[in-house]
Each structure stands twice: as C-alpha cells, then as structure tokens.
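Q: Could you put the whole structure together from the sequences, leaning on the hints where they help?
Protein chains in written order, with UniProt numbering: chain A, 1 to 221; chain B, 1 to 221.
There are no misleading hints in this set.
Distance windows between CB atoms, simulated:
no., chain 1, residue 1, chain 2, residue 2, range
1, A, Pro206, B, Leu191, 49 to 55 Å
2, B, Leu191, A, Asn130, 41 to 47 Å
3, A, Pro206, B, Thr186, 50 to 56 Å
4, A, Asn46, B, Pro179, 20 to 26 Å
The hints are simulated quantities; they were obtained by calculation from the structure and are not laboratory data. Here the structure is a predicted model, which is why all the values come from computation and not from measurement. C-beta atoms are modelled at their ideal positions from N, C-alpha and C, and glycine is treated no differently.
Here is what each chain is made of, one letter per residue.
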Amino acid sequence: MAGKPVLHYFDGRGRMEPVRWLLAAAGVEFEEKFLKTRDDLARLRNDGSLMFQQVPMVEIDGMKLVQTKAILNYIASKYNLYGKDMKERAIIDMYAEGVADLELMVLYFPHMPPGEKDAALATIKDKAQNRYFPAYEKVLKSHGQDYLVGNRLSRADVYLVELLYHVEELDPSALANFPLLKALRTRVSNLPTVKKFLQPGSQRKPFDDAECVESAKKIFS
Amino acid sequence: MAGKPVLHYFDGRGRMEPVRWLLAAAGVEFEEKFLKTRDDLGRLRNDGSLVFQQVPMVEIDGMKLVQTRAILNYIASKYNLYGKDMKERALIDMYAEGIADLDEIVLHQPYVPREEKEANLAKIKDKARNRYFPAYEKVLKSHGQDYLVGNRLSRADVYLVELLYHVEELDPSVLANFPLLKALRTRVSNLPTVKKFLQPGSQRKPYEDEKRVESVMKIFS
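A: Right, dumping it as structure tokens:
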C-alpha cells in the first residue's frame, strides 16, 4: 500500500477537487478517507495530523501535507506538470492562481446561505465572462499552441479545464464566446487519464448537493 | 536599468509587502511605481500589462507577473530561498500558505469598516495565538534548528518574521509565549539584508493610516 497518496476530506468537491483532478490527470491512483462526523475531524486534529487543524490533508511520500496549494505544487512537480524551468513555472503559477481565484468562488457556491446565492452566482458569471475566460482565451490565441504554457500539458491546463466544466454547470452558455477554451477542454478531456476520470464511477465528485452541504456543515461547525 | 525588478502597486503594504520583504531579504534592489489615481490603474489595464486586470504586478526578467504567489515563488526560486528539493519545497509551501491565511486577515485590518474592526482584530489575535503561532513554534521545537526548513533560510522564515512584526503591531504581547518564534525573528532580523530593510528610509511600508486607506479606496473603487 506504500506509494498511493491518501486524501483526507469530506465526500464532496470542496477544496479537494483540484487535487483529485491533478492526480487523475497524472495517472496516479489514490485512496480517499472521508470525514463523516465531527469526531472524524477531531480525531485527525488530536493525533497531530493537521498542521493548522484543517483539511484538505494528503498523505504522500511520507508527508502529511496540508494547504491545497502546497499539495498541488508538490504533485505538479513530482509528475512533471509544472513546466521545464523557473520561468515556465512562474507563468503556470500565474495562470493557476487566476483559476484558483474564480474556482474558490465556484466551490463555495453550494455551501453559501440561500439568501446570498443569487449575488454569488452573478459574480461568478461576471468574472468568468469578463475577466478570467477572456484572459485565458487571449493566452491561447497569442501563441496558437495546444496548451497554455510551453506547448505541453501542465497543471494550469488541468485546473482550467476543471473550472470550465464547473462554471458551465452553473452557466450553460458560459463558453459560447471562447472557442479556444472549448478546444482546450476537448483536447484535455480526450487524454486517456482525464477521459477515464470523466467517466461515471471515477473518484470525481458531483456538484455538492444539499445533503453533502448539510453533512459538511455538521463536520466543520 | 535592465535587471531591477519593478513593483507596480499603491504606496502601502497591502498584498505587495511580502514581495518587498522577500526581495529585500534576498539582497535584490528593486524599483517601485506607485498607483496614485484610478487613471493610473486604468492605464495599466488598458496597455495589457495586467493579465487579470489586478495588481500586484512585478516586471522581472522580461515578464509582467501578477498574482502574489506566482511572484513570490519565482523570487524564492531565483534567489535560492525555496529549499533544496521538491520535498523541502512542499514543506516551505505548506508553512508559507499558513502564514498567508493569517496575513489575509491582517492585511485587511486597516481597510475593514470601523464597526467591524474590533471583531476582525479579535479574530487575528485568536488565530495567531491559538492556531498559527503554536504550529510554527512546534515546528521549530521539533527539530531545534535555526530555520523552519532544511536548516537554512527560506521564504517561509522571511514571510513568518514579517507576519510576527505585523501581528505584534496589533497585539503587543502576542509573542509572550513563543520563545522560539522570538528567537527566529531576532535571528532573521540580524541578517545584514533584513537589518538594512528594517531601518528607516528603506522601502518597507508603515501600517496604513486612515488617510492612506482613503486614497487607496479611491483607486480601486
């Protein structure tokens, strides 16, 4: 069993979904231990597994890593999805951070109080259409290559494609004016590892429904 | 003039301060172009300098980098403040991300509406004393070394020391029970580059007073 990363989180997308996508895209098998109750979280806290008392936490290569960005950076480095040098890494980081800014709003959306959802959705749609999607479409147009950086798949492409799917769930016509983003999504989705992950029965999580939100609330309150 | 990074931001700490600290600690001279009006921001946006229409932005080595983490990661890599290998980088990232989480609340304190300031301050004190400072004290205690990772100065140490100063401004007795953090701060503060940065007249920015907050709000509203 040594070797397989173990993901500790609740059974939902939340902040762990980008980690699942990246491991899957890299073709890395992983296990998941789902928190179901407050006691599960307390147990992890009490045995010193969570540096800041928070999840996500991923056991990988003898480390208990917390902080999503630390986890994603490590996986990307290990599986060669982080560019060929320091400069490519900087560009990848810049693009990934932009995705993260929007993806955070998207991942929180199901967990927001009902009265705030309309405003949140409007913000997501606006930022996607007017700030983020145009930025990435412009990048792809500028070099005409198949991937965002260095003519090679990187974590930025995987993260962006995940975001495109998630935003489209909330706004079905979100990609209408972004042909290069659509093409990127198709290309990445057809990679064997990603294709497998997109099929039913994979560890990809569905939109956090009311039941999932309820159980997350119980664990984390 | 080729070679000196140029920082584009308003004349205040905000999200750029960790970049100033890291460049200074690395002994790198840098220039600053301060946004003073909405037009200044408008100009940067219109000439395509800002991938997501936001600052901070740093011109460095032919790139116009945005997203604070992308900027910090690049500087850390370039100046050998990012550990010796992938695993050390993962730990440094994990520690830096924890600091960033607390810093997010701290850097907003000047900008929080007056009626919310007390609650925000209480949150800072609670998280510093009960979650974050104990975590870093524990790391230093666990290995007894002079720095957080790999027995060598890294970006995590620089970022943590910056945060210790900033939290102490808001909560003067906060370090009372954290002797190892105090020792780390003294040690890092005595490094020639950091010592110089801590002196008056350096590019280190003071706590944002009301006048500064007002002028910043005008730029970004």
